Amino acid sequence: MAEKSTFAVLVHDRTNPIEPLKVLLKGQAVETWSAKTCDEVARLLDQTQPELVITDTRLQDGTWVDVINLAEKAAVPTNVIVVGSHDDTKLYITAMQNGAFDFILPPFEVKSVAHVLRVAVDNVRHRREELFLKAVS
32 MAEKSTFAVL VHDRTNPIEP LKVLLKGQAV ETWSAKTCDE VARLLDQTQP ELVITDTRLQ
92 DGTWVDVINL AEKAAVPTNV IVVGSHDDTK LYITAMQNGA FDFILPPFEV KSVAHVLRVA
152 VDNVRHRREE LFLKAVS
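The letter at position 49 of the sequence shown is residue 80 when you use this note's numbering, and the numbering goes up by one with no holes.
These are calculated hints, taken from the structure and not from any lab test. Just so it is clear, the structure is predicted and the values come from calculations on it, not from any experiment. All C-beta atoms in this analysis are idealised placements derived from N, C-alpha and C, irrespective of residue type, glycine included. You can trust all of the hints, since none of them are fake.
With a straight-line cut-off of 27 Å between C-alpha atoms, the simulated BS3-like cross-links for lysine-lysine are:
1) K165 / K104
2) K35 / K142
3) K104 / K53
4) K67 / K104
5) K104 / K35
6) K142 / K57
7) K35 / K165
8) K121 / K104
9) K53 / K35
10) K35 / K57
11) K142 / K121
12) K121 / K53
13) K53 / K142
14) K67 / K57
15) K67 / K53
Label-pair restraints from in silico Cβ distances:
16) T120 / F163: 31 to 39 Å
17) I124 / N100: 12 to 20 Å
18) D118 / R159: 28 to 36 Å
The task is simple: from the sequences and hints, build the whole structure.
Printed below as a string of structure tokens:
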């Protein structure tokens, strides 16, 4: 049986640090859509119901916190991974406390990012399955 496709929204308005991640995601068979603003994120969450949202820390009209809030309001569970541009322990802790599934930094190592993606996708699919089972029972 073929493995299910994975869909992610990449939220960024800068080429670094997200652009190198796009190549890695493609190699992991993750289909991506890009968004530059919170409005675009909200529209893509509604239209595509991605498993993941991978966001830069800064956007034209908000921050990673706004992206997490949008994902929490989505029709189906979606995990958010925050991408920092440098090692910042305070930002890491704050992101995790505010609902991020994980926090990653460049340079992106294939094995570690693949592991984060696999765990995040497994988690969100399990949460979606639980919601479905509750709805039909």
